[in-house]
Each structure stands twice: as C-alpha cells, then as structure tokens.
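Respectively, the protein sequence lines represent chains C and A.
In the working numbering, each residue carries its 1-based index in the first sequence increased by 1051.
In the working numbering, each residue carries its 1-based index in the second sequence increased by 26.
Do not rely on the hints blindly, as some may be mistaken.
As a list, the in silico DSSO-like pairs of lysine-lysine whose alpha-carbon atoms are at most 30 Å apart [unchecked claim]: (1) K1457/C x K1283/C; (2) K355/A x K1122/C; (3) K1122/C x K347/A; (4) K310/A x K1230/C; (5) K424/A x K357/A; (6) K424/A x K1122/C; (7) K195/A x K178/A; (8) K355/A x K424/A; (9) K1156/C x K310/A.
These aren't lab readings, by the way, just hints derived from the structure by calculation.
Spelled out from the first residue to the last, the chains are:
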Amino acid sequence: MSSLYRFPPFTEQVLANGINLICIPDGEQDGFVIMHQFPFGRFSDPEGKEGCADLTFGLMQKGIDGVDPEKFPEIFEHAGATLFSDVSEEYSVLGVRMLSGFWEKLLPLFFGMLTRPSFMQSELSRLQREMVTAIQAEQVEPSVIAHHHFNAEIAGKQHPAGRFHSVKSAGSIRLNDIKTFFSTYVQPARSIIVAAGKFDESELKKMIESHIGQWNTGLSVNSEYAPALELKPSGLRFVEKTDSTQATLIIGHEAPGEKYPERNALILANYTLGGGNFSSRLMSRIRSESGKTYGIHSQIVMQKQMGMFTIATSTQNNQARTVIKGILDTLKEFAGDGITQEELDNARKYYIGNMAFQLEGISNVAEKVLWLRSNGLSESYIENYDTLLNAITLDKVNEVIRNIFKPDNLKVVVVGKRNEILPQLSTLGTFKVFHFRDPL
Amino acid sequence: MLLNNIVTRTLDNGLKIIALRKKGAPIVSVQVWYNVGSVQEHDGIRGIAHLLEHMMFRGSANVKSEEHARRINDIGGHCNAFTTEDVTAYTNSVPVDSFEMVLDLEADRMDKLTIDPELFAVERNVVIEEYHTYMNNPVAKAFLEFRQEFFKGHPYALSPIGLIEDLQKVTSEDCRKFYETWYSPVNTVIVIVGDLDESYAVEEIAKRFSAKAVRGEKNNLSITVTPDVSAHRMHRKVEFDVPVLIAGFPAPASSSKDVSALEIVQMVLSGGESSRLHRSVVRKESAAVMAGGMNHLMKKAGLSMFFAIFTPDVSVARVEKSLLNQIRKIKNEGISAQELDMVKNTTLTSRTFELYSAEHICNRIGFAECIEGDYKLWVERLNILRDLDTSTLTTVAKKYWDEANMSLLHLQPKRINPMLYIGGILRRIFRIGK
Chain C
1052 MSSLYRFPPF TEQVLANGIN LICIPDGEQD GFVIMHQFPF GRFSDPEGKE GCADLTFGLM
1112 QKGIDGVDPE KFPEIFEHAG ATLFSDVSEE YSVLGVRMLS GFWEKLLPLF FGMLTRPSFM
1172 QSELSRLQRE MVTAIQAEQV EPSVIAHHHF NAEIAGKQHP AGRFHSVKSA GSIRLNDIKT
1232 FFSTYVQPAR SIIVAAGKFD ESELKKMIES HIGQWNTGLS VNSEYAPALE LKPSGLRFVE
1292 KTDSTQATLI IGHEAPGEKY PERNALILAN YTLGGGNFSS RLMSRIRSES GKTYGIHSQI
1352 VMQKQMGMFT IATSTQNNQA RTVIKGILDT LKEFAGDGIT QEELDNARKY YIGNMAFQLE
1412 GISNVAEKVL WLRSNGLSES YIENYDTLLN AITLDKVNEV IRNIFKPDNL KVVVVGKRNE
1472 ILPQLSTLGT FKVFHFRDPL
Chain A
27 MLLNNIVTRT LDNGLKIIAL RKKGAPIVSV QVWYNVGSVQ EHDGIRGIAH LLEHMMFRGS
87 ANVKSEEHAR RINDIGGHCN AFTTEDVTAY TNSVPVDSFE MVLDLEADRM DKLTIDPELF
147 AVERNVVIEE YHTYMNNPVA KAFLEFRQEF FKGHPYALSP IGLIEDLQKV TSEDCRKFYE
207 TWYSPVNTVI VIVGDLDESY AVEEIAKRFS AKAVRGEKNN LSITVTPDVS AHRMHRKVEF
267 DVPVLIAGFP APASSSKDVS ALEIVQMVLS GGESSRLHRS VVRKESAAVM AGGMNHLMKK
327 AGLSMFFAIF TPDVSVARVE KSLLNQIRKI KNEGISAQEL DMVKNTTLTS RTFELYSAEH
387 ICNRIGFAEC IEGDYKLWVE RLNILRDLDT STLTTVAKKY WDEANMSLLH LQPKRINPML
447 YIGGILRRIF RIGK
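Chain C extracted, bound-state conformation (with noise of 0.2 Å):
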C-alpha cells in the first residue's frame, strides 16, 4: 500500500555522550536550520524561581568565554542568522538558522554555547529587566489574567502548571541559579540535534564530533514529566478588571498528556468540538449563529502525563451569561451524544490533509521530526498516518468523548467589569472574587 506522505530522507546517530544527531539534507534553498532540543522546560524551574529555565537559554545566548558579549550576537547578526531559543513547559530548543553558507563559521560558537557560556553578571541583569518588563506588559493582557486563574484553580501552585513568572520570581534569580540550573539540566544525555538544509554532512558530522562528541560524556540528566492532573470539582473563579471592554473566559478541565493510547481520537474529537475553527460546533453557535464573539475555540493542551482541555473566547460584558450558557450546553450535548460519522470523517480529512503544511520547509520538518523522537515515534508514524486516522473508529471517537469531557467537572474563569458581568452569572454558582492584581 502506498504511502500519503514521504518523510524527507535523513540519517541519524548517537553520539557518545547521548546526544541523538539527526542530518536532513535538503538543497532545494541555500538555508540552513539547526535545533537542539533538551527534555526539560519551564516545569523544571525551581519553586519560587520561575523564569529560570527561560533565563538560562536567554544568559547562554549572550556569549561565550573568549568572545566580547556585545560582539557574540553580532557575528549571528551580521551573517543574517537568527539564533533563537523556544522554551516551552517540558521541552527546550535552542537553534539558529542561516545561510548555508555561513554554518562552517557559526556553528562552532553556537556549540561553545554549550560548552562555555560565559554567564555574565550584567548580561543576567539585562535580561531580568527585559523579563521583568515583559511580565509587567502582560500581566494586565486579559487572555493572561484568564489563562494564569485557570492553571491556578486546576493545578495550585504543588504542580508546576500552576506556577507562573512573577516580577518577584524573576527577579529572585541569581546567578548561581542560572549555574546550578544549566548545569543540571542542560545536559547532552537525552538532547536531539536536528540539522537541516543545504551542508556537506560529512563535515557537519565531524564539526560536531569535534565539539560536542565529548562533552558530559557519562553524566545523566535528571528531568521528570509533571505528573497527571486528577480530576477535581467545578470551580468558578471572577477576575475583576476595571477597565475591560469584554468578558473574557475560559473554561475547561483536566485532560490526558500525550502518553494517553487514544490520543489521536481524542484529538479528532476535539476538531469537531472547538478546534475546527468554522467547521467546529461551538464556532457555529455563538460566532456564526448569533454574533457573540469574533472567535472561539477549544484545546487539549498535552505534555508528556499531563493535560488540560480548555476553551477560550470573549464577548461583551452584557453577554457573558449568555455566552457561557451556550458554551456549557454545547459541550453537555458533545459529552453526552458524541459526534456523528459526518463530523469524524471531517475530522479526519483535516488531520490528514494538514500533514502536508507540517512538512513543507527544512524548519517544519526539523521540528516534526523532534516531535517524533520525543514521542518515540519513527517516520513510519507519518507515512502511515492516514492508515492509523482512518482506523478510528466512530465507536471509539464516542467512547473517548465519554471518558474525557466532563461537564460537570468544569473550571470557569472570567475577567471583566465585575458590576456589570458578575450579578449576571448568580445562576452558574458562587464564585471566588479576585482583583487581577492579586497575587495567584
């Protein structure tokens, strides 16, 4: 049976000290893209010192022993590369992309990153005032405010997932943190390098032997998932805003990670819920049907164990009552019913024909590709991906929706004008009062 897509053709191979190298060769532009991704994230910050993970990548982007720290971002610069880092809650990229006719010269800094970094007072000090600042901005954002109750009120502050970077977190951090955080974490032991684009890969190998082959050869890395959330109670939860000109809310419970065997139909049934943007049942019901909202959509956010599903949205304060009333009902009917056959081959369509946009350019590739390891998964996974949709059963789909979705265990947050929002949601329950300046 013929495959649906073709994965790029690519060698792999570990290294001594563990480090997974992954070579994709690609000519079709002079780019070039490498990624190095760590099995730790934001969840790894220590309690109280949130922000570390993020400053640690930040602080090893600022130079290395040796080179001026001004100059480090400069010679990146002045080739017309990005070094970038993406820091999410269990995973860490570090990467850069460029010319491929600059890799030869850059990649040994971008490797002395690892091995040297310089870890400078005064670069740390920089960084923790634009953090700070950045905190500051958006800390008066109402999707934030919303989205910072919502992890409080499902996790607390025992799970990571319910902690968050403060002005005083971030800028409790010092630079032994940063040390003591790099030096445990950052670790070539179940790291993956992904290179992509136009290089010699023989070279590229060698480069990477040569620099990296043997660094912390012998040491382990010591990262744990977040454990599972168990589902809790209803919670309701009102985040006074003055000067708001919408409700915004969010609304949702606990949800399986990414280890969850039905994974996949759990997320086709979510594209017929709220992630199917206009062919979603609650796009149709308050956007398209009555206006209420410019958009709405719903998610199951996964890390490795745990997971949260959540569906987000605002609307004019006189309307939340109604809005959440048709958000609560819809998904009831979603919990209780199911999907029909129509609604699941749609979603299916989706996922199958999405495939191709995942794999168009040497950057989505790379990044499918880290996906897949951190999964355990082969290229196969890809080439059969159809073949694995296709063999979700409606049955299933249903059964899934009935185990996950539980309306009656739902956490609600809404931030707005409490006098002209809260006496309209008496019917829902009584909810917890905060100013969105309140500590969480």
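For this one, chain C is given, so just place chain A on it according to the hints.
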C-alpha cells in the same frame, strides 16, 4: 532567475493572474487580492471594507454561509482574509488536488455574494466583537488615537477596524453597494504559488474568471491630500504597567524609490542586538529596556516609527533624547560598510527562508503587486539593495527623519510598582548590570 519562472496574464476584463510553480510539498496557495480597502470608505460607513471581508464567508449563489471555510478546513487546508487601508486579500492554502475547488469558491463569491440581511446583522455583531477585542488592549487603543492625529486630514487617519458608531448602523445595502462598486475583475489580482504547472493554473483561472463582467469603479485613487505633518505630542495615562514612547515620522508611499533605502537605515537603527538603538539606548545608556522600530508603508503614504519601552524611574525626556541622538547620528555620519553588509545578509536570509513556503511567497508577490505597484519588486528590491551606496542612505535618513515633522506618543502607566521604581534608581546609582 526567479522572475523568469513567474507567469502572468491579464484577462480582457482586467483581472491579473500571477503564477509561480514551487516544487516540493504537494500544496498550493491561492490568493485573491482586491484593490480596495478602508480608504475607499466615506463618513458613515467607516469599517465597511472589513465588514464586507467577513460577509465574503457568509455565502454566495452556490456556496452556503461559511461553507467556503468549512470545505477548506475539512481537507486540511486553511483560509483567511485581511483588510488594510489599500487592499482586501483572501488567502487559501490547500493540498494541490483541491486547487480547482478553491477557484470555484473564489469565483462564486467574486460577483454572486448573497449578503443576506439577517446574516449581515449577525456578522456585524462579530465585527463589533472584534472591535472591542482590539480596544480591550490599552496600547492598541492609544496607538489608534495617535495614528488619527498623525494622518489628520488624510484618508489613512482611520484604521480599517473603522468607527464603532458607524459599525452599529451600517446596513446590508451599504455593504452590497460597496461590494458592487469595488469587487470587480478590474480591481483584482489572483496569485498562485504551489506545486502545479503554471500554464494549467492560469488556464483554470481564465476558465472561471474571464466571463466576469466589469462593474463599479476602477480603483484609480489618487490621494492628493498630504498628511498634516506638523509635529504633535500625545500623552496618555493607561492601565498598562510599562512606560512606552513612540516616535513617528511621515514616510513615503510604498512604491517610492526611497523605500529600499529607508528600510535599510531603519534596520541599521533598530534591527536586532547589533542595532544602534539596542547598543546605545539599551546597553550603553540604559535609557530603555527595549528599543526598536518599523516602517508601516502603505500605497500612498507611510509612517516610520521608533519605540522605546523603559522603566518608571527613567524620564521620558531622557528616553526621547537618547532615541533622537541615534537618529541624528545616522543622519550626520551615515552607516558603516559593515552595517550595510549585515543588512544585506539579513535580507537575503529572510528571502531564502521565505522561499520554503508557498504561502509566504504568495503573500510577498501579492503585496509587491498590489501595494508596491509591481510584483517584480519582490525580487528587484534585492538588486536595489545590492547597488545602494551609503550616501544615498544618509540622504534618505535626512529626508524622512526630520524632527520638525516628528510626532510622539507617551504612554504612562496609571500605576507604578514602587519596588521597581526604587530598584531602577538604585541600579543607576550603583550601576548594577553595567
């Protein structure tokens, strides 16, 4: 080389087709650009170009309400639309075997849009919600006010989001009138980029669009009004905890020969950690935590902007002075050969990575054709950049960054965190972090 691969054809009714084959992923990007935007609106219907963009998804003779988006979603593709001051563009990216389906959908809504009054009323509410979502951000709201002053007396004074009082009262008939006046083949450019034969693509478009009748008006908008360039200062106290300073200068139309040079000096001044603003305003003087800039270039005029985000312990006067010092320095001393090299490499890298994505290429071609005036500029700007000398850059910087024409917006937090205020003062006294 790239330009040689682009196929163009203009149909008898004026509709222009631009097609480029991009081998690789089995996908195609189909974009329909209408040369109509919010500048074609008049008082009383501010926001209708954007509202019409929403109604384009609400059904046409052979396509039910929102069926366009659903059909594209359900094959794994994505579609969207955007309205600017000058254009309204509809974007579709789909697996290549659905190319003809997208053309059928686009052809149907080009001249057979339903505009059902009941659906119009619902969609108007959606747009009003969008307006409120936008206004829920104090910085965005203040910037709209700044822009209104900056372009006072000019059709660009209002953003495409429109005015709430107009949105609340526009009718489906207003919308139909706007549609019939402007959505005509003569105002339309279709851009196709994907893994399919260009001649086949052009033929399939011609099959569906060549019989479309010319109607309404051709967009020959010639704006003679120049923005009120007298400098002004605006100060707003906002529920946003970080002080912000924005400086704006009148910039040329996107088709101007000065654009490439202005983009380069803008990058030297504000692009990345090697930029003058980062090195001096942020690192050396510690006047700001972040500083940057951008050019907002439109068909008939533009806005060259700089911003600084700073801490409450620093006075706005100091930030302004620090920003202006760097602008003056470029005007007086020009830029170095090394800086010019950096900009060239950065631009070439961006271009190279753009080429991996059919949708990005499509966006760039559509923008070059409809906003800048010629799709060839997408490629030719690189040649222009290669040939620019440093004296041209200095001349352009002097021409556009004239302080007599500078407008300022200062956003002051309503509330200041006292710990940060004190911390900032201590940091400067003891030079922590220097």
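Consistency of the hints with the structure:
no.: 1; hint: K1457/C x K1283/C; verdict: holds, 10 Å
no.: 2; hint: K355/A x K1122/C; verdict: holds, 21 Å
no.: 3; hint: K1122/C x K347/A; verdict: holds, 25 Å
no.: 4; hint: K310/A x K1230/C; verdict: holds, 26 Å
no.: 5; hint: K424/A x K357/A; verdict: holds, 5 Å
no.: 6; hint: K424/A x K1122/C; verdict: holds, 29 Å
no.: 7; hint: K195/A x K178/A; verdict: holds, 24 Å
no.: 8; hint: K355/A x K424/A; verdict: holds, 10 Å
no.: 9; hint: K1156/C x K310/A; verdict: holds, 28 Å
Checked against the numbered hints given earlier, this structure breaks none of them.
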